[in-house]
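**Q** Line order of the protein sequences matches chains A and B. Okay, so the first sequence: first residue is 1 according to the working numbering, each after it adds one. Okay, so the second sequence: first residue is 1 according to the working numbering, each after it adds one.
Calculated directly from the structure, the hints in this document are not laboratory data. Treat the numbers as computed from the prediction; the structure is a model and nothing was measured. Quick reminder that beta carbons are idealized off the backbone N, C-alpha and C, glycines included. A portion of the hints provided could be inaccurate.
So the derived list for chain B, only partly shown, Cβ under 10 Å to chain A, looks like this [to be verified]:
1) N4
2) V7
3) Q51
4) G99
5) L103
6) H160
7) L164
8) P204
9) T205
10) V234
11) A254
12) G257
13) P288
14) E290
15) G295
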Amino acid sequence: MRIAFTLFWMAVLLASVRAEANIQIGLSNESVAITSNFDGADIAIFGSIEDGDPAVLDRKGYDIVVVLEGPPSDVVVRRKERKLGIWVNGEQQRFLEVPSSYSIATTRDLEKIADVKQLRSLKLGFENLKLVAPEGESAQDFDAVFVESLARLKVSQNLFLERVGGVDFLSPTLFRARLALPANVPIGHHRARAFLFREGQFVTTRSTLLNVQKTGFEQVTYNLAHRNGLLYGIIAVLVAIATGWLASVVFRKD
Amino acid sequence: MSVNVFVLFGMGAGVGFLSGMFGVGGGFLMTPLLIFYQIPPAVAVATEANQIVASSFSGALAHFRKGTVDLKLGTMLLIGGIAGSAIGVAVFSSLREAGQLDLIISILYVVFLGTIGSLMLVESLNAIRKARARGENDPAPPMPQQQNWISNLPFKMRFHRSQLYLSVIPVLLLGMLVGILASIMGVGGGFIMVPAMIYLLRVPTNVVIGTSLFQIMFVTMFTTVAQSATNQTVDIVLALILMVGGVIGAQFGAQMGQKLRGEQLRALLGLIVLAVCIRLGWDLIATPTELFSLGEKVAH
């Protein structure tokens, strides 16, 4: 009897695991080329819910959150203080491996999708980002005002973007997320992640990569400036000499 | 960074016009203007050094053809200038790392523009008053002939073109000061070098401009390469737009300058310089709307 009981519950458990929904995602384009007149772009991420519970699907109980993160970089947030009448940079906080950009699209308000505890553990939303402390410091000691300012400044530079309702369902199981790439989008590998929630509970996540590259003249000058500053400087000087010489030929007085 | 090409071209042409009209380099006006236009000060300074290469090259070329360059004196100033520029670029990097670069650039500008603008204004207003009192321009005051402290310094060297027998110490130091200013402020430094050469080194006025342009040209070349290699703050495209605007504006400015009188021109320039100084100074003391700022270093 007892064995039968256990077996019964194991079967139920297995069935529920089997029935747990999964998601698949794909990008509208796997790489983005930045040209000299690049003015920002939208990128679409398509996905589908697989093995969704029909009852939950009927109730529109599934929520999707899609995040596109730029390559991580170290950031310093500085606070200005008045010293001897002038405003100077005073206290500062360094954060390591901050996503250089963070674009998030959701089916509805993040707080309605899941509770703060889950959002925090999944690092979802500007205020829940994973923040790494420099050596010798602890992330627990971060002054909240610097953490908030980091997000606010990134938002003001269009690098952190949030689109509530940016994910919509094309069919009960097929969804599309529209994420914005700002004009100043960081170059490199961006990671797109989709999160599936079922009625307030996190279910699963999938991720894929998006490569953002400069092309043509932009790429040449960018690579040169960042990889071979010396050569870039020499070219800058030669361009200046040529311009100066041309000016003296064109406008020669005698 | 989203900027308008036509605005930048216009700024280049406007400052070029002023520099043609007043016969000055214009770096000390261009860099603050770029900063007002939200170009990061680090980029403004290094890119402006690149632009000055173009303007000083065509200027130096003209003086070279006329034979109004003292090559030996220029080379000595240049040795000091390269050393100064190297020091300046290193200081620039560490100030940037410490998050104090923008502040130091602004303070230096306020101090230099304030001093020079006031001196120019006072001097030109005095000249205008005197000219009115006498009814016409009087010749420039004779150069003071008495010995100064500089003639007592050791390591003397003969500069044939300038007919000077002079210690190299003040020459090297002057070159160095100008080199430091070039790398930290993005200026040619003519506004310091020309008066210093005339009044301290007693260089004949006919070779002063050509010789200083010779030095400025090479120092800004070195600064451009050093800034690009160490700080990656040179923007060729930005520099090119400013150069083209600058050389065109300078032609019209030079024509305009010939129609106006010297002291009136100097008074006008003094006022412009003071206006830029006040704006920069105001930005230092006014409470900013955003107290926080981001400094970034991409992890490779």
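**Q** How about G295(B): closest beta carbon in chain A under 10 Å, or not?
**A** With a closest approach of 4 Å, the G295(B) hint holds.
**Q** The hint names H160(B) as touching chain A; please verify it with the least Cβ-Cβ distance against 10 Å.
**A** Since chain A brings no Cβ nearer than about 26 Å to H160(B), farther than 10 Å, the hint is violated.
**Q** Verify the interface restraint on N4(B): the C-beta must sit less than 10 Å from at least one C-beta of chain A.
**A** 13 Å, violated
**Q** Given P204(B) as an interface hint, is its Cβ closer than 10 Å to any Cβ of chain A?
**A** Nearest chain A Cβ about 22 Å off; hint violated.
**Q** Against chain A, with CB atoms and a cut of 10 Å, does the hint on A254(B) hold up?
**A** 9 Å, holds
**Q** Going by Cβ atoms only, is P288(B) closer than 10 Å to chain A?
**A** Check passed: Cβ of P288(B) comes within 6 Å of chain A, closer than 10 Å.
**Q** Can we keep the L103(B) interface hint, with Cβ of chain A closer than 10 Å?
**A** 5 Å, holds
**Q** Can the hint on Q51(B) be confirmed by a CB-to-CB distance to chain A that is less than 10 Å?
**A** This interface hint holds because 7 Å falls under the 10 Å limit.
**Q** Checking hints one by one. Is G257(B) an interface residue toward chain A, by the C-beta closer than 10 Å rule?
**A** Violated. Min distance 14 Å.
**Q** Does L164(B) hold up as a contact with chain A if the rule is Cβ-Cβ below 10 Å?
**A** At 29 Å from the nearest chain A Cβ, L164(B) fails the 10 Å test, so the hint is violated.
**Q** Double-check V234(B) for me: the hint is only fine if its C-beta lies closer than 10 Å to a C-beta in chain A.
**A** 5 Å, holds
**Q** Can T205(B) be said to touch chain A, with a Cβ gap under 10 Å?
**A** Violated, because the Cβ-Cβ distance from T205(B) to chain A comes to roughly 20 Å (cut-off 10 Å).
Of the hints listed earlier, those the structure fails to meet are numbers 1, 2, 6, 7, 8, 9, 12, in rising order.
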